[in-house]
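Peer 1: Spelled out, the chains give:
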Amino acid sequence: GGDAKPADTQLSYSQPHTDPFQNAENVGSMERFKKLGYATIPATNADRDPAQQITDIQTLINKGAKGLVISVGDADAIVPAIEYANDQNVPIVAIDEAPASGNIAMIVRADNVHMGELACEEMGKRVKAGSAVITLDGDPVTSNGRDRTNGFNDCMKKKYPDVKLVNVATEWDPAKAATGIETALNQYDNIAGIYNQSDATFFPTILDTLKSLGKLVPVGEEGHIVQVSVDASPMAMTAIRDGYLDAAVAQPMTDYIDYGADYLVRAIKGEKFKEGKTDHGSVIEKRKGNLVDLLPTPVVTKDNVEDPELWGNKKFALEAFGASK
Amino acid sequence: MTTPSTTVPAIQIDRVSKTYGATKALQDVSVSILPGQVHGLIGRNGAGKSTLLRMITGLETPDTGAVRFFGEDAPPAADAKAWQQRVACVYQRPSVFTNLTIAENLFAGRLPGNGPSVSWRTMQNEAERILAEWRIDLDPRSLLSDAPIEERQMLTIAKALDAGTRIVLLDEPTVQLEGSAIRRLFDKVQELQQDGVTFVFVSHFLREVTAICDSASVLRDGKLLWSRTGDDVKSDDLVEALLAGQEQRRHRVESAAATATDTAPALELRSATEKGGAFTDVSFRVAPGELVAIGGVGGSGKYSVGEAIAGLRRLGSGSVLADGEVIPTGKVKASQKAGVGFVPADRHKDGYVPQLSVAENMTMGVMDRLAPAGFFSPRKQNEMSRTLIQDVALVPPNPALAVSGLSGGNQQKVVLARALARDPRVLVLISPTAGVDIAAKDAIYALILRALADGVAVVLISDDVEELLVSSRVLIMREGRIAAELAEPTEEDIVRAIEGLE
Amino acid sequence: MNSARTTVITVPSGRSPFLGSVVRNVRELSVLPGLIIVAVIGAIVSPAFLTAPNLTLILRQSAELGIVVIGLTFILLTGKLDISLESTVGLAPMVAAWLLIPAAMGGLGTMINPFVAILLTLVIGALIGLFNGLLVVKVKLDPFIVSLAMLILLRGITLGVSQGKTLAGLPDAFRYIGSARWFGVPAAIWVTGILFVIAALVLRYTAWGRALYAIGGNADAARAAGIRVDAVLITTFIVASTLASFAGLMLAGRLASVTSGMGQNLIFSALAAAVIGGVQLTGGQGRIVGALLGVLLLGTLTNVLTLAGVPTFWINAVYGGVILLALFVGRFGARPSRT
Amino acid sequence: MNSARTTVITVPSGRSPFLGSVVRNVRELSVLPGLIIVAVIGAIVSPAFLTAPNLTLILRQSAELGIVVIGLTFILLTGKLDISLESTVGLAPMVAAWLLIPAAMGGLGTMINPFVAILLTLVIGALIGLFNGLLVVKVKLDPFIVSLAMLILLRGITLGVSQGKTLAGLPDAFRYIGSARWFGVPAAIWVTGILFVIAALVLRYTAWGRALYAIGGNADAARAAGIRVDAVLITTFIVASTLASFAGLMLAGRLASVTSGMGQNLIFSALAAAVIGGVQLTGGQGRIVGALLGVLLLGTLTNVLTLAGVPTFWINAVYGGVILLALFVGRFGARPSRT
Ligand SMILES: Nc1ncnc2c1ncn2[C@@H]1O[C@H](COP(=O)(O)OP(=O)(O)OP(=O)(O)O)[C@@H](O)[C@H]1O
Ligand SMILES: Nc1ncnc2c1ncn2[C@@H]1O[C@H](COP(=O)(O)OP(=O)(O)OP(=O)(O)O)[C@@H](O)[C@H]1O
Ligand SMILES: [Mg+2]
Ligand SMILES: [Mg+2]
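Chains as they are written, first to last, in the working numbering: chain A, 181 to 505; chain B, 29 to 530; chain C, 9 to 347; chain D, 9 to 347.
Treat the hints as calculated values from the structure; they're not laboratory data. Just so it is clear, the structure is predicted and the values come from calculations on it, not from any experiment. Careful: at least some of the hints might be erroneous.
Unchecked claim - Below 20 angstroms or equal to it, Euclidean Cα-Cα: the simulated DMTMM-like pairs (lysine to aspartate or glutamate) are:
1) B:K408 <-> B:D396
2) A:K391 <-> D:D228
3) B:K52 <-> B:E88
4) B:K361 <-> D:D238
5) B:K377 <-> C:D228
6) C:K148 <-> B:E88
7) B:K377 <-> D:D238
8) B:K361 <-> D:D228
9) A:K468 <-> A:D327
10) B:K359 <-> B:D396
11) A:K466 <-> A:E263
Here chain A stands alone, though its shape is the one from the complex (with noise of 0.2 angstroms):
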C-alpha cells in the first residue's frame, strides 16, 4: 500500500539462527524500522530450522506485516516462503544471503566466496611457500561456512599451491575450533597461519587458547602466528589493535541493517529498482533474475582499523557484542 502512513505500516524481521552475527542484524533491522517511522511486529528466529523460517514468514505476514527483511537461513528452502510473500504482495528484502529464486524487491549481501579470496590473498601474501595454514571451517551446512571455505580452499589451490591446508571441521563451535587449533599445532611444526571463518563466533576462545599455548606473538615478531578473519567483529578491530590479528575482511553488517530497512521502505512506496551505481559506492546486478546490491567488503588491517564507518566500531555493535573499544 502506498498510500498507508508509515505509523499504519507493519515491518518485521525474519531471523534464521541464533549468534551474536545474527542477532545483532535482528536488533539493528528492528531499530532501524522504528527510526524510519514504521510500525514493527516482533522480529523471529528460526533457530536453525529452514522450515520453521518458512512457517515463521508466513504467520508474519498473516499477522500483517505488509513488508519484510530476511536474513536467508537456506537458500533453497526458503523459496516457497518468498512464493508466498510473492502472492500475498508483500515485499521481501534479503540480506547476507541471496535466496535461490522467487521475487525479492532486492538482495542486500557480500559475498561470501569473495570473502573467501579476499582472506585467501591476505593470507597468501604473509606466510611462506612450504608452511601449512589451518583453516576453521564453518558449518557446511550453512551456505555462509561453505562459500567461505570453498572460496578460500580454491584460491589457495590456485595461486599459492605450495602452502598445505589443515582443514578444521568446527560446526560454529569455539569449543571445537580450539581443539582443533591445538591438535594441528601438535601435528605440524610449520604452523604459520589461521583462517578464521568468524571471529565474531571464535574470538576470544581461540586467542586465548593461542595464548595459554605461548603462540600468541605480535605481528611482527619471531614466531607470529597470521590470522585472517572474517567478521571484523568488535573483537576482532581489537585484536588488529592489539597486534594479534594480522587482517579482517569484513562483513558489511550496517550496510545490511541501514540499506536493508531502506530498500524495504522504498519498495513498500512502489518504487522498482534498476541495475547499475548505487551512492553508496556498490553495483546493482541482476543475478538469476533478482536485483542484488553487492556491498564491498573491506579488508580491515592496522591501517583502516579506526575507520568509524566499519561496523565493528559502531556503538550498537559493540552493544550487541558485549565488548567495549
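With chain A held as given, fit chains B, C and D with the ligands onto it using these hints.
Peer 2: Same frame as chain A, now just chains B, C and D with the ligands:
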C-alpha cells in the same frame, strides 16, 4: 481313570537335556504321559521342573533330545502358532498384561476376528462366557490392573484351559490361590480330564499332587528320579523322593501367650487404620518369643498390615509400637531402627536385587552399620554375610554370587537373611515359604524357631492353611478387620474362620 | 468381599463401556485444557489467529511432525524407542534427490524417474527401520543408544552425500505431496489426517496393533502367549522409519528442496507430543488420538508464541516451560490409581 | 547336588573374589580393544598422535565430557536419566558470568566477587538437580521426558539471560580451574582424574554408592530393605547437576568466555561414552572405569579423525559408525548370561 497302555503317549519327552551356562538344568530326562492323565511333576527348587515345561511349550528348545505329541515330532521352534495349537501353559512367572482389559488378557495371542482384524464384540462375549464358567465376578472390559492378584492367576488358568488344546501345563498354579479357588481349579481339571485332556501339574503341595494326579515324576538336580503311574504314586514316596534321606519335621510352636500377659509386648498395634486403605482398627500384641499367625482370604488386608508394620505403608490413625515405643509409620528405616525385620510377600518384586551379590542383598538394610563413617569395607560385608549364609544354610554358600543365579528357595533364604541381618526384635514374615520346596521349608521354619527361642516376636502372615497351623495363635482377617482369634486351632477351624462360616 | 471389589461388580454392565472408555480417555484428554488455553490466548493476542489461513498454516506445519509421531507412537507402545527417525526424515529424501537431480545442481546426475525416487525414499526408510529393528531385536542393543548412534551415523551420511549442500530443483512430481492443494487445503493435511485415522484403526482393530500393546505391557508374556514378538517389533521399526521417510518427502515438497539439516531436533518435538498426549515411554499405554492432540498443542503453541511476539530470545524458554506445564497437568489430570 | 553347583562351591574362597572381579570387568574392558585399535590407527596416520602435547590435548578436551559422564553414570545406575545435564553445563556458568561481568560487556553489572560466582555456578547446578529430582521422584514424571522439557527450558533461559551474546572478559579467578596448569599439565585433567577416582570409591565403598546399584536393580526391593530410595534419587540428581555445572565452569575457563550454545549436544556424547563403557540404561549395571574408557574412546576418536584429515563432510558419519561398532563389540565382547 487309567488309560489303556496301548495308546500313544500324549507327551513323550525323549532324553532331553538343557544347559544354562554352567547349570545343567535338565540331563537326559525321558518321561511319557498318556492321554487323559494328570501328571504330577515334583522336585525341589531348581530341580528343573519349569525348564522341562518350557521345552514342552516350545518357548525354548532342548540342547539335545526331542519332544513328541501323540507320536508326532514337535513343530519347529519358530512356528509359535503350531505349538499353541498343541499346548497351553500357565507359567510360574505371572504372564499377564496389566495394561490391557481382562477380555484381551484372555485372548492375547488368539484374538478373535477375520484375518488381521479383531472383533471386539466376539471377544467381549467370549470373555463373558469364560468368566461366567469360572464364576469370576469381573467386568471383562475393565483393566486387568484393577483385578485382584489372585483373580489374575485364575484368569491365566482360565485362559489356558479355554485354549482348547489337548495338553495343558500348570506350573505351580495354586501358589497365589485361596482354598475355594483351588477347588474350582481342580473341578475344572477333572472335568476336562473326562474329555481326554492331558495335564502336567507342578506343585510343592504334595496333598494337591496326590489329590488330582494319576501319575507323577520326580526331578532332582535336573535328572529324572522316577516316573510312576496310578496307585504307585503315594504321598510317602513323594516325601521320600523330595527329602532324599532327610527327616521331615512337624512344626508347631506352642503359644507364648501365657507369658505374654506379664511381659511387655515386643510389638503392639493399637487401632491401626490405613488411610483409605486396606485395613481398619487392627489391634493385637505379640510378646517376645511369641509367634502370631495371620490368615484371611485374598484382599482381606492381611498383607497390608504386615507392610504397615515394616514401614511400607502409612497409617491414617492408630499406632504401631515396638517395645512400648510408637514407631513413625510409612518409613522403613524407622521400623528397622525400632527392631523390625521384614520378609515381603513377593520376593521377586520387593525381595532382592537380582544382579547384586548375595552379600550385598543380605546387608542392604544394615549399610549404616557397616559404614558408620560413610565408607564401608567389603571385607566386613563379606564376613557378615558369611555368618548369615550359615544361619540360613544357603546353597551354594558363596557371598559373591549374584542372587539371580540362585534357585527360588535359596532366593527366599537370602530375603530372610536380609530380615535377620539387623538382629530384629520383631520379625514380620509374609508367606515366607511360598514356592519353596519342603526341605527349604523345613530350614526356614527352623530359623523361625531359633528366632523365637532368642526372644524375637514373630508375625507370620500367610495364605496357606498349613503354614498358619504352625502357630498356636492365629488371627483371621476379613474385609480389613480382625474377625477372629483362634487358639490351638485345627485345620478345619482355620478354614471355617477364613471363609466366615463360624 | 471387600468394598473395592464390590464396586467393580455393581457397575451395571450396560453403563460400564461408556464409563470405561471415558476413564481410559482421561489421560489423552488431559491435553485438551492446555490446547484450549493456548488457543484462547492465541485468539486474544492476535485477531490473525482464528483465520482460515492461520489455522491451515498450523496444520500444515504440523503435518510432518504428525507423521513422525504416528510411527514413534507405534514404537513407544512396544516400549522401545527410535530417535534416529529424525535423521531418516533427512537422509531418505536426500539420497533420492541426489539420484534425481542433475549433477550441475549437486546431484549425482543419474536423474532417475521422480516416481522411482519417491519409491526409493520409502524403501530407504524401510531399510533403515529394518536395520534398527534387527539391532534392537536380534543383537539386543538398547534401543535408545543404538538409535542415538544411528542418528549420528545417518546425519553424517546425509552430510557426506550432499556435501552440505541443499539440493533444489526437485521435479514437481517429487514435490507433489508436500506442495499440492486438494479442495483448497494442502494435500499434506489431508494425507496426515488420513494416516492418523488409519493408525487409530490399526491400533484398535488389528492383531498387529493389539500386539504392540501386549508387547509393551509384558514382552515375556506376549511371547508366551504366542505373539511373534520379534517379527512384530521389526515390522514396527520398519513402519515407523518408512513413515519418517514419507514425512521427509513431504517436508522436501514444502521446502522445495532437500536441506542437509532436515529433520534436525524433530524427534524431541515428536517425543514431547507423544508423551504430552499420554503415550508412556515405558510401553503399552497411550492412544493415537492423544498423540494427535499433543502434535496440535505443540503446533498451536509455536504459532501463538510467534503471533504473541514473545521476544525471540525468550521464545524457547516459554516453549519449554509450557511443555513442562503440560506434563504436569497430564500427570495430575489423570493420576493412575497405583504407580 | 548337581555338578554346576558343586563347581561353584569348590572354588577356594580365596580365589573367587578375584575371579568374580574379572568376570565383572569383562563388560567394561570390552571398550579396550576399540580404544587400542583407534589409538593404533592414530599412531599410524600421524606421528603427532603419540606425543605428550597431543595426549594431553585429548585428556583436556575430554575433561568436561568426563565430568558430565560421572554424574550421568550415577543417574543411569539408578535406572533414571537426565538429558538436561547439557543445558546445565551452559546455564549455570552463564548466569554466574552475567552477574559477574560489567554491563558494558553484556553482564548485569552487579559484578559480584568471582568466588561468589563460582559458588553460584555450583548452587545453580544443585538447584536444577533438585528440581529435576523432585519432578522425577515426587511428581513421578518420566525422567526422559521431564529432562527433555527441562533441556528446552534451560537452554531457553540461557538464551534469554545472555540475549544470545557470548560473555567474555571473565576474571582470572573464575577461569582458573579451566585454564591453569599444575606441574605442566592442565589443572582440569588433574581435577577430572581425581573426580573419577572419588566416584569409583564412592560407588564401591559407600552406602550411598551401593544404594544406586540397588535402586537401579530393583527399586521396590531397595525400598523394602530400608534404603531411602527417594532421598538417594534426589541427591543423585543434585550431584549430577552440580557436576555438570562444574563442567560448565571448566569449559568457560577453557573457552575464555561463556557462549549461549555451550554444552549443546554434549549429552549425546556422554550417553554414548557411558553406554559404550558398559553402563546399562536400564539401571543397576556398570562401573565408573568403563565410563572413563568410553570417554577416552570418544576423545581419542575425535582427535584421530582430525589428525587423519577425514574430510569435514564425512567426519560425523565415521564418528557415528565407530560408535555403532563399539556398541556391537561391547555387546558380543561381554554377552550377559541372561538377557
Ligand atoms: N534362563 C536361565 N538361565 C540360567 N539358568 C537358568 C535359567 N532357567 C533356569 N535356570 C537354572 O536351571 C535350574 C532349574 O530351574 P527351574 O526353574 O527349572 O527349577 P524349578 O524346578 O522350576 O524350581 P522352582 O521349584 O523353584 O520353581 C536352576 O538351577 C535355575 O537357576
Ligand atoms: N494403597 C492402596 N490403595 C487402595 N487400596 C489398596 C491399597 N493397597 C491395598 N488395597 C486394597 O486393599 C485390599 C487388601 O489388600 P492386601 O494386599 O493387604 O490384602 P491381602 O489379604 O494381602 O490379599 P492378597 O491375598 O490379595 O494379597 C485389596 O482389595 C487391595 O486392592
Ligand atoms: Mg519353577
Ligand atoms: Mg496380598
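Peer 1: Give me the numbers of the hints this structure contradicts, sorted from smallest to largest.
Peer 2: Hint 2 contradicted; others consistent.
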